[in-house]
Amino acid sequence: MSLEQDMDTSAGVDTRAASRFGSEAITIAVIFGLTIVLILGSRFISPAFGGWGQTETILFLSSFLVFCSFGQGLVILVRGLDLSIASMITLGGVLTTTWLAGSNEGLWYVVPAILVVSAAIGSISGFGVTMLRIPPFIMTLAMGIIIYSLCLGYTQGTPRGYPAPALADLMRAHFLGVPAPVILLLVFVAIAVVLQSWTVLGRRLYAVGNNPIAAHVSGLSTNKLTIGAYAISAMCAGFTGIALAAYANGATLRMGDDYLLPSIAAVVVGGSSILGGKGNFLGTVGGAILLTTLGTILAALGIEQGWKTIIEGAVILVALIILRESVYEAIRVWMGRSSTG
Amino acid sequence: MSAADTTPMTDTAQASDKRRLLTGLASQGAVLITVVYVLLWIIYASEQPSALSAYSIESLLNNSLPLMLAAAGQTFVVLQGGFDLSVAGIISLSNVVVAVYPVEGPFGALVNLAMVVGIGLAVGATNGFLVAYMRIQSIAATLATMIICQGIALLILKAPGGYVSEFISYELTGSLFGVVPVAAVIGAAVAVIWLAFRRTNTGIALYAVGRDAAAAELSGIDVRRARFAAFCWAGVLYGCAGYMLSAQTATGNPSAGEPFLLLCFAAVALGGTSFSGGSGGVIGSLIGAATLMLMQKVLFSTGVSSFYTGVFQGVIMILAVLFAAFVQYMSRSRGNR
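Note that the protein sequences, when read in sequence, are chains A and B. So the first sequence is residues 10 to 350, counted in the working numbering. So the second sequence is residues 1091 to 1427, counted in the working numbering.
In silico SDA-like links for lysine to any residue, alpha-carbon gap of 20 Å or less: (1) A:Lys233 / A:Val126; (2) B:Lys1248 / A:Ala309; (3) B:Lys1387 / B:Ile1132; (4) B:Lys1248 / A:Trp316; (5) A:Lys287 / B:Gln1227; (6) B:Lys1248 / A:Leu310; (7) A:Lys287 / B:Arg1225; (8) B:Lys1248 / A:Ile320; (9) A:Lys233 / A:Gly211; (10) B:Lys1387 / B:Thr1124; (11) B:Lys1248 / A:Ala308; (12) A:Lys317 / B:Asn1343; (13) B:Lys1248 / A:Gly311; (14) A:Lys317 / B:Glu1348; (15) B:Lys1387 / A:Leu159; (16) A:Lys317 / B:Ser1345; (17) A:Lys317 / B:Ile1246; (18) B:Lys1248 / A:Gln314; (19) A:Lys317 / B:Lys1248; (20) B:Lys1248 / A:Leu307; (21) A:Lys317 / B:Ala1249; (22) B:Lys1248 / A:Gly304; (23) A:Lys317 / B:Leu1245; (24) A:Lys287 / A:Ala223; (25) B:Lys1248 / A:Glu313; (26) A:Lys317 / B:Pro1250; (27) B:Lys1387 / B:Ala1135; (28) B:Lys1248 / B:Tyr1191; (29) B:Lys1248 / A:Gly315.
Bear in mind the hints are in silico, worked out from the structure with no lab data behind them.
Could you build all of it, start to finish, from the sequences and the hints given here?
Structure below.
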């Protein structure tokens, strides 16, 4: 890997930024294109499909995955991995229902409190990874097991209570004919894209992911930045938990399980490198929506759960094979040749 | 530190002895986890004297063996510098196959074993091909193969059911000559095979690739072949884990492998294998897995609510990694003097 990169730079001209932009743009275009083809193609399955209504449903369902994938993506960007996401979603959900206990009272401080608690737990993971040099895989895995176990003990095995009616209403509300959760999704994506790609914080996170030593030498406090990424990830997962509890009008202890591996899959399918330093949140959003679309359509087809699972796995595999660097290289070479010749 | 700086030259011999001891400890994470395991046994036995009966030892070993085998397999992949999520899929698939196509008798048990080894080898080879030759990151590639395996398991068996052949479920969970638990024999066999494997060229290549793949490549090691082999070994061991899980549960479940996914990484971490690759070993993972299972029993016997088992598992995982790093740091800082 490193040998190839060296050869790239030895050509004399620094084309890395340009080529990265190129491959990112191709990835995002391919993923969103695939999603649109899938949605339009689903018309053949049922006439009720392929319209705006179904698109709304898919966006709505994928919003939960998008929320937690943003955090996962940031942690992966700084060369980590967050395996505590499932437990953090459960924690967010459990705290929402038990602290609110079905009333609107205290909504204004409970939601921020849950986000603060989540961020604090994420910071502990970040602290372990940076200051204590525990591998991210183990630190977040251990944290996830601990938090899950605490949720289990806190609820004595059965989460009680309901989220605030106002939250549940929000999940069903419409603004200008668009469901509120879809608007929430768009706002979240906008903020996240700006944060990751346009702010100083975002650029610094890329710098840390690309080369932690170089980032440190150039005066960035890599430890603080990494801890920040873990805190944001835990906060996003907590937020996902709140949204899920509001949507399902209750919490279960296993509510986060369906999001851990898909959050990694969305990031990877979206073209980010699992080794860090490379990726774009729009790609992740595309990955999350693509996976959700696929799941929805496969469910509508009424095929066996087994085949559904196999197809989902195969799609991830195909995406991985297509999105390899060498393929971009081939596309670039081919495009260069056709433009000059 | 400053004290060590002023150490007279005459102490060097003694210091290097100490260093060798500490480096030995660090490279053999197995030592640390063995101490933890023995301590847990003492607590367990003092809380519950019946724990020392042949029956309860046998059942504890039977409970631990599937996780031990899975962790042993995972170690191969972690050593070469990667992660293998397909462990959950292969265990589920093996369990379902053994429960849906039972073949009776000792010969039948061998036929079933051949089936699960075949499955493990096929999936492991696919993983190895994707990671080593297609150069897809291991977490991503094995995530995909895991999901596909789970799908195939669901196709074979929709809901928990089926039954495992009597020879497997009775003989393999019993004791040889009524004394030595079969589970102990299998665990020891894996350890012996590992010790032999570690000295082969592939075994040495595995460590070299995990420590520094570029350097290994330059010194003439076929890096891709070593990675490929690691995934194949892992797959076969997961298949065996599924086989022994079937023996223990005597039934099939298409999601039987899921609990193993995170626990087997926990066991590898406890066993002192470094997640950045290149150091550690299977023996530590075997004992690490046994420790995780024993810990559940101990916490239960000491009256800790089973809800909080996870808190202990998580904290011990972190402490084990910290301690291993501390020992390594100490031995290294002395070595530099």
